[in-house]
Amino acid sequence: MKNTALSKWHEANGAKMVPFAGYNMPVQYTGINDEHLRVRNSVGVFDVSHMGEFHVRGKEALDLIQKVTSNDASILTPGKVQYSCLPNAEGGIVDDLLVYCLAENDYMLVVNASNLKKDFDWIQSHNTFDCTLSDDSDEMALFAIQGPKATETLNKLTSENLGEMAYYNLKHITFCGKENILISNTGYTGAGGYEIYLPNNCAELFWTKILEAGAEYDIQMIGLAARDTLRLEMGFCLYGNDIDDTTSPIEAGLGWITKFTKDFIGKENILADKENGPSKRLVGFELTERGIPRKDYQIVNSEGDVIGKVTSGTMSPCTKKAIGMGYVQSGNHKQGTEIAILIRNKPVNALITRPPFIPKS
Amino acid sequence: MDFPQELKYTKDHEWIRIEGDIAVIGITAYAQGELGDIVYVDVDALGETLDAEETFGSVEAVKTVSDLFMPLGGEIIEFNEELEETPEAVNEDPYGKGWMVKVKISDSSELDTLLSAADYQKILS
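Going line by line, the protein sequences match chains R and D.
Residue numbers for the first sequence follow my numbering, so the first one is 1 and each next one is one higher.
Residue numbers for the second sequence follow my numbering, so the first one is 1 and each next one is one higher.
Don't read these hints as lab results, they were simulated from the structure.
Do not rely on the hints blindly, as some may be mistaken.
Partial pick of chain D residues on the chain R-facing surface, computed with a CB cut under 7 Å [as the list claims (entries may be wrong)]: (1) 36; (2) 37; (3) 60; (4) 63.
Predicted model only: the values in this text are computed from it and were never measured.
The C-beta atom is built at its ideal place from N, Cα and C for all residues, glycine as well.
Construct the entire structure; sequences and hints are all you get.
Next up, the structure:
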């Protein structure tokens with residue numbers, strides 16, 4: 001198992017650690033509800049250094065990215081970030097990722113730790129272009145600073161006014177006195193905030209400075225458990241749960257990051273899925289009776305016939321409602337459809353609901 | 001972590017307080033810590049007589065769910081209804097306000113199968 005630059009620090013500072021995607025990661029510090037609400041109401045800081053960072057550089061860097069991703073990266077200008085996915089030839093999803101346009105012919109891809117090797121090999125196997133793909137994950141740490149007080153917190157550590165950065169934009173800034181640090185207005189919580197990519201040797205300095213800067217806003221360190229409840233309240237997909245090698249972007253509601261105006265691997269199959277209509281669809285739902293949905297629980301219709309399966313579920317720390325996502329057969333996917341989740345063989349009523357599961361802020 | 005000496009324990013991380021022929025049952029400080037924030041406690045066997053190791057309910061935490069097992073056979077005569085309103089008592093006071101059920105013990109010889117605080121801590125280490 002690998003340590004991030006801060007794994008030892010987390011252990012020494014009371015985090016509960018778990019192995020995740022081959023890394024020794026903090027799953028919880030004070031408690032999932034407390035951590036979750038601190039992000040929604042103030043500010044939280046996450047060590048997500050397990051995430052993978054690849055660089056694609058060279059004259060035909062864009063051509064490679066266009067071929068392997070579903071979204072249209074040609075619209076990216078230096079300073080822009082895009083959510084995308086890597087489809088496979090069958091039209092399933094190898095991974096979802098962020099594409100950073102750092103400069104002309106210079107891109108960074110941010111991928112899930114659990115898929116790092118698979119993604120690298122996949123992209124490399126299609127690299128017939130004049131560009132190089134490198135995996136720089138082991139040299140880089142990644143922190144997310146999320147919540148309504150994220151801007152005030154980080155502004156203390158840079159001369160920039162980060163509040164002026166637009167959503168899904170990136171910038172190289174001087175941070176804690178270190179030059180050329182990559183920051184983006186991105187995140188996986190829906191609470192607003194930033195992600196900072198840094199060399200491992202800056203990790204402890206940045207982490208402790210961020211905690212100091214956020215102290216007046218009651219900043220909280222956030223583990224993977226609350227990262228999951230935060231993303232699920234927004235209805236953001238988690239690879240391995242809600243999307244995988246067998247689900248198409250159309251089924252997953254990711255048509256908006258699938259652009260048929262360009263060529264890419266899997267295009268034909270995904271286009272057919274869109275034109276014929278997918279056989280199943282990813283939906284959000286809220287339980288109307290007591291219970292908590294969990295991954296792999298069966299979904300039934302009002303007649304009791306099995307129509308699908310839960311892919312993610314939890315109790316929303318904000319609304320205290322039981323929420324989840326799952327695939328149902330097309331035709332059962334309309335908002336307001338009454339379904340039930342089989343919780344230990346007992347049907348518990350639920351309503352199909354369009355995420356986010358919390359009021360828009 | 002606190003494991004009161006006067007209680008008995010099981011490998012399933014439950015504690016038992018013997019009060020005459022009644023066993024008061026809850027989950028240990030270790031168990032609540034592993035489960036994380038508890039959302040509710042479901043006991044579906046109130047009034048039923050169950051054997052040792054049968055399931056009498058479940059604990060739902062934000063992240064996970066865990067079955068509750070009878071540490072010994074008996075009739076479930078009471079459920080801690082305070083937990084309906086304050087399930088967090090299981091996290092905050094697992095051996096006190098977080099108790100879950102009271103069981104009328106069927107066969108007191110089964111008490112010998114329970115673990116002492118010291119034996120339980122050995123399992124954890």
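Run the structure past the numbered hints and jot down the numbers of the failing ones, going up. none
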